[in-house]
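Peer 1: Sequence:
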Amino acid sequence: ILASFTPPAGTTIASWFVAYRRAGTTTDVLLANATGAPPTPLATFDPTRLPNGMYAITVSATSNNGGTEAATVYVTVDGSLKPGRYVTKYLDLAATVAGLPMQVVRSYDSFDKSVGDFGVGWRVELATFRVASGRPLGLGGWTQYNAQCFIGLCLTAFRTSVAHAVTVTWPGGRQEIFDFTPDGGTNIFWTGSAKFTGRPGTTSNLQALGNTGLDYFADGNLYSGGAVYDPQQFRLTTKDGRVFVLDRTLGLVSERDAFGNGLNIDSAGVHSFIGSTPGPSITFHRDGGGRLVEIDGPLAGQRLLYGYPLTNALGTFTDAMGRMYTYSYDPATGNLRLAADPSGVPIQTLTYDANGRLASIANGNQPPTTITTSSDLRQQTILDPNGRLTTVLVSNDRGDIVERDDIFDGTTIRNTFAYDAVGHLLSATDPLGNTTTIEYDESATAANGNLLSVTANGRTWRFENYNVLGEPGLIRRPDGTVLVTLIADPVTGALQSTQAPGEPATNFTYWPMGRLRSVTDPGGRTVNYTYDANGNPASASDSAGRSVSFVADATGAVRSVTDQSGHATTFDYNADGTLAGVTNANTRQWKYFYDNAQRLYEARDPLGHSAFYEYNDLGLLAKRTDRTGAVTTYTYDVDGLLTRVVRPGSDALNFRFDALGRLIAADNSSSHVDRGYDAGNRLLSETTCANTGSIATPCGPASPSAAQPTVRLSYDYFADDRLRSVTSSDAGALQYGYDALGRLSSIQYDGQAAFGFAYDALGRLATLTRPNGISDTFAYDAAGALVGRDAALGGSPVARFDYALDPVTGRRSSLTDNDGTHSYAYDADGSLRSATHPAASGLANESYAYDAAGNRSSGGVTSTYDAANRLVSDGAFSYVFDDNGDLATKTPSGGGSPTRYAWNADHQLVGITYPDGTASSYRYDPFGRRIAVNDNGHETRFTYDALGVHADYDDHNVLAASYVGGLEQLAAGQATFYLSDAQGTVRALTDASGSVTGSYAYDSFGKPAAGNAAPSRSTFTGYQYDQASGLYYAGARYYDPSTGRFLSEDPLPSVNRYPYAANDPVDNVDVLGMGVGEYAELLSADLNNAQCVAGFADAIAGPSLAAASDALSGSVPTSAEHRWRARPERRAMRARRGRRAQPADRGDRQDRRGRAREAWRQATVLPDESGCALCRPARGRHRARIQGRVRVAHRIREPAGREGCRAHSLGSGRRRGLALLQKPGHG
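If you use our numbering, the sequence shown closes out at 1227, no skipped numbers anywhere.
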């Protein structure tokens, strides 16, 4: 900062100072001061240590005679080059009103030295939404000139010699800058009007509120109402139609969507409104200094307290349950040093360098991550807590990361990025040299910044026909064909229809306040929606009037859900928003209790049996005591990666990771797994064997007496990152081919002719050809539902599976196969009521009834259940479960010896003892995959490719069979090819000539017919059938088709954890024993996952998708969620917004555009297992249908043990387009 001083004659400068003030605040921050003559320069104003926004820099000098003079200049701080800045957010309170989030997000910024809502550096995040203009807009530098003249009458315009601009700073720091460019008048009347022009990169429009008329009196100023023009409030209209009113002093005053719903914000709180009707409020209470001391939520008891034991520094936060969190500060810099939970355990500990930049951050009591900033501020070096990984980030002048190097074990993995002048990402190059490029509209029009194309893996997706809200109306595939056309309301942006070429449109209608009113799918099926006074969903009903109803409280949290049969499930919450209890329609209640850090510590079932949880100082599960009292402990490294699990009986699982956190080894008592990766994090190899004695000892050759064979699978990839081959050390190789759109087109196994896959114009699987000449043809209805899968050889039919659908519900009403026609009927909630089979099938007709909780009785015999929905008797057997909910015994009702079941602490079935004294036992690898079955001394062993069985071995580790999952078995040199129906159930076996060698029939729930051939590896919906036990192995659990129930509880919490496929096995499959879906949807998603837009598709999202898809982001239930099944867990989990006081990374996602992007991802972008985003617009996916008994997955998630470990471990291998080959839906 430079300044020249000229004191009055005969005097000298006695003292001076330099200070700055952030616009909209009242706090001056002193930069320098002294006595005597000022130096040159006076001080340094460092924008890399300040939040973005407009600042006033003031220089003041006082002469020795007491006279004082001051000068002020205004500057704008922009960009993200702010190394060492610590920013965190805490979601203290939240509610949802009319789909708008009404939240108290408490944010801290170590570079913000002004006094905010919670003292220095702390603000309500809404308060970080600022508008500033620096100097008065009409002050100085203005001249008027004649722009055009016509016979003496001239149109005038204004120019300025001094910059006049308005800066809008969004929460998170993003800025939009508008130059003040007033319109002129005429040379007769020297008047004008206020107008603003956005600079490059700005996409919103700005208007001044109040009097916008201008007067010019040739003195260099513009006036309004007799004073220099200086507006205080502005209206900001975003490209997607949201409207914000911003005040230069108060910040955000109101937010309104295109339908008139919104929020008003003032010093007393946040107030919602739905149109002109007031809604719930969040109330603020402030002390004399304007700091918040209390916040009250919309519900009684939602009281938050804030304490300031030190001047202007937030010291304590007390949540609605009375738990107090504490904060302390670095004495040298005044920055936040420590955040501690109510027990005094550190949440995070921070240190800073001499310049106030973050130097280290430690979670809990763990070693810190250290950060070193270069002197030119363009490079940061980060060393992880265990000292193994060094990450170097290189930034450009704007602060955009242009290079990232991960350095470990002598290896450097580099990613590079390029940006345009306004910070749009133009390209990203991975360590293998693959580059993704993004093209934007660079024109000087309102379309500036619209995404035009994304090129990834050599394929370019294009986005066209944008509306004024910045939303595309058409998306093209890489081959130039149209993927989808979208039509939106030009004013509100509400999506009116989506249509893929060659099929009818999906249409959407809305209530006046913008809430979704109806969805009509391409098949003509309609679902209608209603809402309560606060805009929360009240009902969803089909055209026959069958309805699911909801009751929500003032925060938008669902209090009850009543299904189509009138069965109600209710939810209770604590004052802090945590779920306290769930009561099912049989009035049985699950209860939940939390510790001081708001973590679940007890889950109590309706029988009064409790599981308990304890945590380490990182908040990770450290100990689990199950409902039988058995204890499992968990150990982690300093990065929080799970390294060891010890189950009862010293049964241990061990995991080992490299410096990048990739799993490289795992073992348990039965097996050992080694993994290798390339620089692009692609899985190159996986070797499995028997336990080697140490997690650090890799697999070696296996002897015939070893407990498992040693098998190495090697993975190779094309240049576009798609899987080229999987080669086994002893079972040959699988080769994969892809079409021009990157979809799987062929699989060739070990020199055989290839399997072929072809697709229709909508990207759906149309044909599947086999090496033996048999081909499957797939047929779909107008709504995209799979209605036919017929197999033929040389034009002659081999098998047919043709379905008729109910015109209202879309459920399958009949199946016609080679045996004749099977007919199905359902209850109002979608549970299967009856099935009638043709005589040729050999299947008996079926009839079922259900209690209010979805527990099944069949054949006119009433089954009985206990309070936890465990089967007690079904007329044929009586059942006893242990306290963990695992089946312990099954005893014939007429007397006799029981069948006994043994389980480990992770609910894995480890043994069965049968009434005749024979037994079966089972072993699993560290990922929970079953690797051995021993039936009365005869053992079969398995190796896996991802989640699918790759090969079978005998008990001497000799290869017995290998598989192309779901398609082929090769044993003793003979190939057997599977024929499957539209549920993925294997219905026939064929040989190399195409002759049928075996056939299968099942009842609706998968019970095999008496005349079935010997089971293949893949059977009912792809499950493995164990003939000795009569059970299906489903992955996460075992399934008994005679009862239609699993033997153990669903790992994902739900009100009834036992029924298969939500009691609708005709339409749904449960792919892993832990999730209901539709085979056709899963199949299509798996085969199309090659249509990758590399994660950038969400950039085109806008509000046109928000209203129609709000259900997908937690507002309205629609059928887009795999024929949405009246699951209140989606409502309970999403609508309840209360969170514990932990950092909340929400950013701009709390606004409507954020919700629209989330809706876009869920409605039109499906992720594959590599994290790639697949552009899959709604078209037939929006099938208008509601059905299903209430199936509530609790909002609380029980701490992850085996499941979390398995998901993390398996997630390291990036398999693409192969789920069909494993089992339906296995990614």
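A few of these clues could be false.
Stated by the list, open to error - Derived CB-CB ranges, DEER-like:
no.: 1; residue 1: P838; residue 2: S993; range: 23 to 31 Å
no.: 2; residue 1: N146; residue 2: T445; range: 49 to 57 Å
no.: 3; residue 1: D750; residue 2: S703; range: 52 to 60 Å
no.: 4; residue 1: G260; residue 2: V75; range: 55 to 63 Å
no.: 5; residue 1: K623; residue 2: V422; range: 30 to 38 Å
no.: 6; residue 1: R235; residue 2: A782; range: 54 to 62 Å
no.: 7; residue 1: G737; residue 2: S796; range: 48 to 56 Å
no.: 8; residue 1: C149; residue 2: R235; range: 28 to 36 Å
no.: 9; residue 1: T435; residue 2: T625; range: 24 to 32 Å
no.: 10; residue 1: A782; residue 2: K623; range: 48 to 56 Å
Rather than coming from a laboratory, the hints here were simulated on the basis of the structure.
Keep in mind it's a predicted model, so treat the numbers as computed, not measured.
Backbone N, C-alpha and C fix where the C-beta goes; we use that ideal spot for every residue, glycine too.
Peer 1: With reference to the structure, classify each hint as holding or not holding.
Peer 2: A quick look at each hint next to the structure:
no.	hint	verdict
1	P838 x S993: 23 to 31 Å	28 Å, holds
2	N146 x T445: 49 to 57 Å	28 Å, violated
3	D750 x S703: 52 to 60 Å	26 Å, violated
4	G260 x V75: 55 to 63 Å	38 Å, violated
5	K623 x V422: 30 to 38 Å	51 Å, violated
6	R235 x A782: 54 to 62 Å	44 Å, violated
7	G737 x S796: 48 to 56 Å	28 Å, violated
8	C149 x R235: 28 to 36 Å	34 Å, holds
9	T435 x T625: 24 to 32 Å	51 Å, violated
10	A782 x K623: 48 to 56 Å	54 Å, holds
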